[in-house]
Amino acid sequence: MALRVRPKTPHSVTEKIRREKIKLYIEKLRQLVPANCGQSNLQQLYVLENAVEYLIWANNELEKRAIIISEFQRMSSGLLVEARRRSCADIENLLN
Numbered sequence: 001m002a003l004r005v006r007p008k009t010p011h012s013v014t015e016k017i018r019r020e021k022i023k024l025y026i027e028k029l030r031q032l033v034p035a036n037c038g039q040s041n042l043q044q045l046y047v048l049e050n051a052v053e054y055l056i057w058a059n060n061e062l063e064k065r066a067i068i069i070s071e072f073q074r075m076s077s078g079l080l081v082e083a084r085r086r087s088c089a090d091i092e093n094l095l096n
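Mapping of the sequence shown onto our numbering: residues 1 to 96, in sequence order.
There's no promise every hint is true.
Stated by the list, open to error - Derived lysine-lysine pairs resembling DSSO-like cross-links, with alpha carbons at most 27 Å apart: (1) LYS28 - LYS8; (2) LYS28 - LYS16; (3) LYS8 - LYS21.
As the list claims (entries may be wrong) - Here are the simulated distance ranges between beta carbons: (4) THR9 - ASN60: 38 to 46 Å; (5) GLU63 - THR9: 43 to 51 Å; (6) VAL52 - ARG84: 44 to 52 Å; (7) LYS16 - ILE56: 29 to 37 Å; (8) CYS88 - LEU32: 51 to 59 Å.
Note that these hints are calculated values from the structure, not bench results. Where is the CB? At the ideal position from N, CA and C, for every residue including glycine.
Produce the complete structure using the sequences and hints provided.
Quick look at the structure:
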């Protein structure tokens, strides 16, 4: 029994599929990035530039928010310790 070998896909077909996938993902980026909204015929270069700028902005925002959350947690932890200390002092005053 002879093995049937599948014919190799021509390079041009493979390349066309690759280009179509790139177009698809660039279109998805265009829809996701706020700077691209309402602009249906942006050049691919501008879609990619806007996506990079948006990701840099979003990353900076996340870092800022992480700092704010960390500071809030530190402050609330200090307030909790102070509240416990005052509660203990109040109990001691009541007992004396």
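Hints, verified against the model:
1. LYS28 - LYS8: violated, 31 Å
2. LYS28 - LYS16: Roughly 19 Å between the alpha carbons, so the hint for LYS28 and LYS16 holds.
3. LYS8 - LYS21: Status holds; Cα separation ~20 Å.
4. THR9 - ASN60: 38 to 46 Å: The hint (38 to 46 Å, Cβ to Cβ) holds, given that THR9 and ASN60 are roughly 44 Å apart.
5. GLU63 - THR9: 43 to 51 Å: Given about 45 Å between the Cβ atoms, the range holds.
6. VAL52 - ARG84: 44 to 52 Å: Holds: the Cβ-Cβ distance is about 48 Å, inside 44 to 52 Å.
7. LYS16 - ILE56: 29 to 37 Å: holds, 33 Å
8. CYS88 - LEU32: 51 to 59 Å: holds, 53 Å
Checked against the numbered hints above, the structure breaks only hint 1 and satisfies the rest.
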